Amino acid sequence: SQKIEQNSEALNIQEGKTATLTCNYTNYSPAYLQWYRQDPGRGPVFLLLIRENEKEKRKERLKVTFDTTLKQSLFHITASQPADSATYLCALDIASTLTFGKGTMLLVSP
Amino acid sequence: KAGVTQTPRYLIKTRGQQVTLSCSPISGHRSVSWYQQTPGQGLQFLFEYFSETQRNKGNFPGRFSGRQFSNSRSEMNVSTLELGDSALYLCASSWPTSGLDGGEQFFGPGTRLTVL
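If you read the sequences in order, they're chains H and Z. As numbered in the numbering used here, residues 1 to 110 make up the first sequence, in order. As numbered in the numbering used here, residues 1 to 116 make up the second sequence, in order.
To be clear, the hints were calculated from the coordinates, so they are not data collected in a lab. Please note: incorrect hints may appear among the correct ones.
Quick list of in silico lysine-lysine cross-link-like pairs, DSSO-like style, CA-CA up to 30 Å [claimed, not checked]: (1) Z:K13 - H:K55; (2) H:K57 - Z:K13; (3) H:K17 - Z:K1; (4) H:K59 - H:K17; (5) H:K59 - Z:K1.
None of these values were measured; they are calculated from a predicted model.
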């Protein structure tokens, strides 16, 4: 069955550094992959979408890569700020259903 | 534009009862999806409605059902509540015709359901 894996342990980094989060998947070739941010007690907020024929996508301080051979997406936040602290979820289109990973919590300390 | 709204925001029920949750999508959005979020399982897809028709359904028992009205508003119902149904229920809408063609999902704030 399809598995989507994100680091379950929180990622702690210092302000100003680059945060890198990983999303690995198995047994499927999704047409696209999305990244969302979720703050406690709130619904997820869409950040970026990358399609299978795209290697990299950027939006301000965010960068996403998509390696369909490795079945992996990397999500980077450059010059991280304490306000970037949140849980980040990746989501894949699997059989016409958006399937989410469990998310990785990012903690940026001043 | 107003965002996705969900009512109620918090709900406490007892085992065996039933519950109905409501979702109003962003104006113009025709697709509404429902998700259940728990600490252990994460965000799990329940079902998706488009133009009043259920297009996709997740792996949940028949106690979970939903519907969509002509104005795209959606409701989900859970009958015979169990303790394990305690969760944050999120609804998401998307534009223009499908939430599953790569378009972003706009999530509501969720309904926190506690089953005692």
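Tested hints:
Between K13 of chain Z and K55 of chain H, the direct Cα distance comes to roughly 47 Å. Violation of the 30 Å bound is thereby established for this hinted pair. Simply put, K57 of chain H and K13 of chain Z have alpha-carbon atoms about 44 Å apart, too far for the 30 Å limit, and the pair is violated. The straight-line distance between the Cα atoms of K17 of chain H and K1 of chain Z is roughly 35 Å, outside the 30 Å bound, and the hint therefore fails. Only pairs whose Cα atoms come within 30 Å are accepted, and K59 of chain H paired with K17 of chain H is accepted, the gap being roughly 17 Å.
At most 30 Å may separate the alpha-carbon atoms for a hinted pair to count; K59 of chain H and K1 of chain Z meet this at roughly 23 Å.
Going through the hint list in order, the structure does not satisfy hints 1, 2, 3.
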